[in-house]
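Sequential numbering of the sequence shown, starting at 1, is according to my numbering.
The set of hints was computed from the structure by calculation and includes no laboratory data. Bear in mind that the values here come from a model prediction, so they are computed numbers and not experimental data.
Okay, derived cross-link-like pairs now, DSSO-like style, lysine-lysine, Cα gap no bigger than 27 Å in a straight line:
no., residue 1, residue 2
1, 327, 270
2, 327, 377
3, 327, 515
4, 515, 462
5, 377, 515
6, 515, 270
7, 422, 184
8, 462, 377
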Amino acid sequence: MQIVTRPFDAASCDLAGELDPLLQRIYQCRGISNPDQLERRLSCLPQPDLMSGMAAATNRLATALQNQQAILIVGDFDADGATSSALMVLALKAMGFIHVEFLVPNRFEYGYGLTAEIVDLAAQSNPDLIITVDNGISSVDGVARANSLGIEVVITDHHLPGEQLPDAAAIVNPNQRGCEFPTKNLAGVGVAFYLLCALRARLRDQQWFGQQNIPEPNMSSWLDLVALGTVADVVPLDQINRALVYQGLLRIRAGHCRPGIQALLRIAGKNPARLMAADLGFALGPRLNAAGRLDDISLGIQCLLADDHQQATQTAQALDELNQDRKHIEAGMQREALSIVEQLSMDSDNLPAALCLFQPEWHQGVVGLLASRLKEKFHRPVVAFARGDQGELKGSSRSVPGLHIRDALDAVATKHPGLITKFGGHAMAAGLSLDEGNLAAFQQAFQAQVASAISDDDLQAKLLTDGSLESTQLSMGTAELLREAGPWGQLFPEPCFEGIFRIVQQRIVGESHLKLLLAPQDQPEMAIDAIWFNIDTARWPNPDAGLVRCVYRLDINEFRGPQSLQLMVQHLAEH
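Using the sequences and the hints given, assemble the complete structure.
Pasting the structure below:
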């Protein structure tokens, strides 16, 4: 592990004024060059009409509303898809649509996206219009099938488009070529939110709400869903996404959120009034995702749609049980995967540039999590495969900074036509399918492509810190300052610091967590609680360790009521 301090140039910092010097340093290291970039009010958001396809989409939806056509929402099977689907159903009904239903087919039977098979299933509901959320940009055949059945399609998506776009009535996706929307980082729920904002504005101009005696919906009332989907999908938290997430967090903290979100928070043991963006990603997101990974994401959508607190609690409990099952399955898969990697090389420095793993018994809904865990442990791109229902292999890939994983798969597909059946995704995560007989050839081609596109330095795990803190800064005040300076998340990481400490106490809690008392080297009388999760129990506790170099985050521990400062250890090494 290489520990690197983010560079900070005080002379070039243009964030002076009332901003705390520590925050000036932290923000500049995250690319903030002027105070306007810290604006989190909704008024800072760009207008929806900047997004390509917005006018065509609102035209089609306005026509559907005037004629009360039947709408079917077709979503993805993860937390982003669940929040997008729930948002679309709730907002369209609030605007006066009567016939609005959702469909998220079982991923193991129908695969990803608006396939022709899903369209045939959707046609049984006799929709006039299909609206995709968090999918559809690559559904050329599915849209063609819908058109042949007389069903029009409006696509809302955020995934990268291929060479050919579907022949849809409208496509709203900031990643379309030529789209001038100022961010390409919206989650699927963010794109859906922007379409709904544009539709509300159009209906307001047409005086629809007054004519129908319908209260004009307040779009901010659904920002809890937008915040949850955005964080859970791990999209970069640029200024626009930070504003959406921050405003959603404010609503949740104030108790103005969906009963399903409240129920999930209770089950996760989270205090809504102290909720952080990380809680959405690590506590709520996995419970929603568990439904799509093991069963049917419809259960998650029903939880988010529930208006009754009892129903919300029941569905949230069912999601929690699925998540426990998912953890058990994932733990077994991790043990098997680590055994495979050990057989590849006893020395992690001699591993190939990319890992490509498969076991026939692995669960196809969990291979994405497995790929993430292995990527974190070995710091290299990973593809994990499981058998699909049709005999093909379903793969999920995760990458490291320095390699665009979808582009890497595209390069393999171009150099080796027919090797990959289909693929799609983002820079850091992608999915693919291939015939099992092509696995060995794909492994060789993928590892060669990654080796040619990535440097040895990219394969070196780095832990970036924001430098050290003075002893006086190791306080509840600093922790609270940092807590409210976010939201923190993907590509806008929570502040992380390093320092030399003396171990006062150390002991194992739970199965593999290290509970410590640490004293700053220059303040030996000042003992601070610290915890390090999921340690290597063969190395820690270490009774011989005195002074240690510690990389940590500041946190406020609220266990059983009283608040206290706590260091969340990221790395510990003898000094």
